[in-house]
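So the protein sequences, as listed, match chains V and W.
If you count by our numbering, then the first sequence holds residues 1 to 350, one letter each, in order.
If you count by our numbering, then the second sequence holds residues 1 to 169, one letter each, in order.
Since the hints were derived computationally from the structure, they do not count as laboratory data.
The beta-carbon is built from N, C-alpha and C at its ideal position, and this holds for glycine as well.
It cannot be assumed that every hint is accurate.
Claimed, not checked - Only pairs whose alpha carbons sit at most 30 angstroms apart, straight line, appear in this in silico DSS-like list of lysine-lysine:
no., chain 1, residue 1, chain 2, residue 2
1, V, Lys160, W, Lys132
2, V, Lys160, W, Lys102
3, V, Lys51, V, Lys66
4, V, Lys63, V, Lys51
5, W, Lys76, V, Lys160
6, V, Lys51, W, Lys76
7, W, Lys76, W, Lys102
8, W, Lys102, W, Lys132
9, V, Lys55, V, Lys66
10, V, Lys55, W, Lys76
To be verified - Coverage of chain W stretches by chain V, computed from C-beta distances (three or more under 8 angstroms per stretch; other residues unrestricted):
no., segment
11, 89-100
12, 113-119
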Amino acid sequence: MGMEEILRTTASRWMEGTGNFSDVVISCRIRLARNLEGYPFPNALSETQAKQVIKEVEDAITKVPKEMGAFQFATLDDVSPLERFVLVEKHLISPQHAENPIGRAVVIKEDQSASIMVNEEDHLRIQCLLPGLNLENAWQEASQIDDMLEGSLDIAYGEKSGYLTACPTNVGTGLRASAMVHLPALVLTNQASRVLGLLPQLGLAVRGLYGEGSEAMGNLFQVSNQVTLGKTEEDILANLSAVTRQIVDKEKEARQVLLEDAREQVEDRVWRAYGLLSNARLISGQEALALLSDLRLGMDLGILSHPSPEVFSELIVITSPAHLQFFTGREMSAAARDMERAKLIRSRLS
Amino acid sequence: MYCDECKQRPATVHVTKIINGQKHESHLCPQCAQKDQEMVSFNPSFAIPNFLAALFNLNSQIEEKILPAQSAVCSKCGLSFEQITQTGRLGCNECYSEFADKLEPLLRRVHGSGQHVGKVPLRRGGSIRQRKEIEQLRALMQQLITREEFEQAAQIRDQIRSLEQGLGG
Ligand SMILES: [Zn+2]
Ligand SMILES: [Zn+2]
Numbered sequence: 001m002g003m004e005e006i007l008r009t010t011a012s013r014w015m016e017g018t019g020n021f022s023d024v025v026i027s028c029r030i031r032l033a034r035n036l037e038g039y040p041f042p043n044a045l046s047e048t049q050a051k052q053v054i055k056e057v058e059d060a061i062t063k064v065p066k067e068m069g070a071f072q073f074a075t076l077d078d079v080s081p082l083e084r085f086v087l088v089e090k091h092l093i094s095p096q097h098a099e100n101p102i103g104r105a106v107v108i109k110e111d112q113s114a115s116i117m118v119n120e121e122d123h124l125r126i127q128c129l130l131p132g133l134n135l136e137n138a139w140q141e142a143s144q145i146d147d148m149l150e151g152s153l154d155i156a157y158g159e160k161s162g163y164l165t166a167c168p169t170n171v172g173t174g175l176r177a178s179a180m181v182h183l184p185a186l187v188l189t190n191q192a193s194r195v196l197g198l199l200p201q202l203g204l205a206v207r208g209l210y211g212e213g214s215e216a217m218g219n220l221f222q223v224s225n226q227v228t229l230g231k232t233e234e235d236i237l238a239n240l241s242a243v244t245r246q247i248v249d250k251e252k253e254a255r256q257v258l259l260e261d262a263r264e265q266v267e268d269r270v271w272r273a274y275g276l277l278s279n280a281r282l283i284s285g286q287e288a289l290a291l292l293s294d295l296r297l298g299m300d301l302g303i304l305s306h307p308s309p310e311v312f313s314e315l316i317v318i319t320s321p322a323h324l325q326f327f328t329g330r331e332m333s334a335a336a337r338d339m340e341r342a343k344l345i346r347s348r349l350s
Numbered sequence: 001m002y003c004d005e006c007k008q009r010p011a012t013v014h015v016t017k018i019i020n021g022q023k024h025e026s027h028l029c030p031q032c033a034q035k036d037q038e039m040v041s042f043n044p045s046f047a048i049p050n051f052l053a054a055l056f057n058l059n060s061q062i063e064e065k066i067l068p069a070q071s072a073v074c075s076k077c078g079l080s081f082e083q084i085t086q087t088g089r090l091g092c093n094e095c096y097s098e099f100a101d102k103l104e105p106l107l108r109r110v111h112g113s114g115q116h117v118g119k120v121p122l123r124r125g126g127s128i129r130q131r132k133e134i135e136q137l138r139a140l141m142q143q144l145i146t147r148e149e150f151e152q153a154a155q156i157r158d159q160i161r162s163l164e165q166g167l168g169g
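Chain V extracted, bound-state conformation (with noise of 0.2 angstroms):
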């Protein structure tokens, strides 16, 4: 399999819609922060030692025992703009590493489970994502993948300070967990801000997925950790899931009483997602993540019994812009796109 397969494979691992609390938990995510020893950082490092540092990392991966996956590597500047922005909607990469290609290299897992930016903000960024709330797995695989690189690298850590980072926000375990959660009823009745709100206080960060600023579209949300030293990983993790719960919780409290006080409301705002969906000519970015969001509580709430919930995942990614225009095979218009969004989605509808 190669980087070209990777890309036309739209099914990702964590699309899945299966793991803990998935009705509610779409996917988790954990980052791992490493650099290696011998170079500065990458915004202080020179073209040559960038390519040094890509050159060492892609001797590392090659000595990746075969029973942990198979990787694929690409420097960027050898992945077409356009691919590049396919990785990003993708989640498998950050956007600021698909906008600055030079000196920067992607190694990604075959099942799209993990992958390493190199020489983003630090020389090594390691992530692993898993569909529903499974972040103990995740954290399990991203730290083996941590431990076969170190096997033949020499990675920059203290003591006192732990895993050395760029940003002093990530140092110590270098760990950013998060989960993405869909709460489609919270944000109906009023509650989200209220209940994400006391987020921050249990050192948490909240940010609204897909949507510029405060909007947070397609009601998805993403909750991640905000210390990274002075506690063990285990911990961290333990307490992001132990929110994360209880957002589940509240988002299924709030969808009870939604089916109890106001069924017909809901259904008739699910099944108007439905006839919009499966009949739309043109349809934005924005207004298809909208009723996509609908159309999953109505999928989880038992009022539709199709499609099934991957559908939703795999619909807001291969309905974002560069998945369209690379699968189309050419450059389009918003206009154009609005057009072959709407003619995607009601295939996968109908």
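Assemble chain W with the ligands onto chain V, guided by the hints.
Quick look at chain W with the ligands alone, frame taken from chain V:
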């Protein structure tokens, strides 16, 4: 059904609000619903470099009063602390030791701690891991002594000794 708000367009958005345990239902058209839409605003996504720069500057202002002219640079990457405060990014791993005094209060403010207690690298962290193990065993030994379980405490003591010999000291 017409919109509760403008009473002109059809209501397609049905909102149930729970305010202090009281349920409020409203039926709105998309336009009015948009206006009504709760501001889901949190501020955790404040720009980190600025935030850090602010923290750094706070420190350096205090620092400057005590040490007026100090422009030390990191011996490995050549960055000065002033440059670091501007970008919010350190230049290399050595910056952590070169600027340890200036970083310490910052790390405490961001993380509430200045001491790593998590993972130790598998290959190169051998002696660190052994030292951590010894610390844990010492704590255990103390517990056993206070519980007057001296036989077990003696066993732990021997274990600590052999680990210490392995470390060469
Ligand atoms: Zn209205
Ligand atoms: Zn330095």
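Practice item. Find the hints from earlier in the document that the structure breaks and name them by number, from lowest to highest. Key: Violated hints: none; all satisfied.
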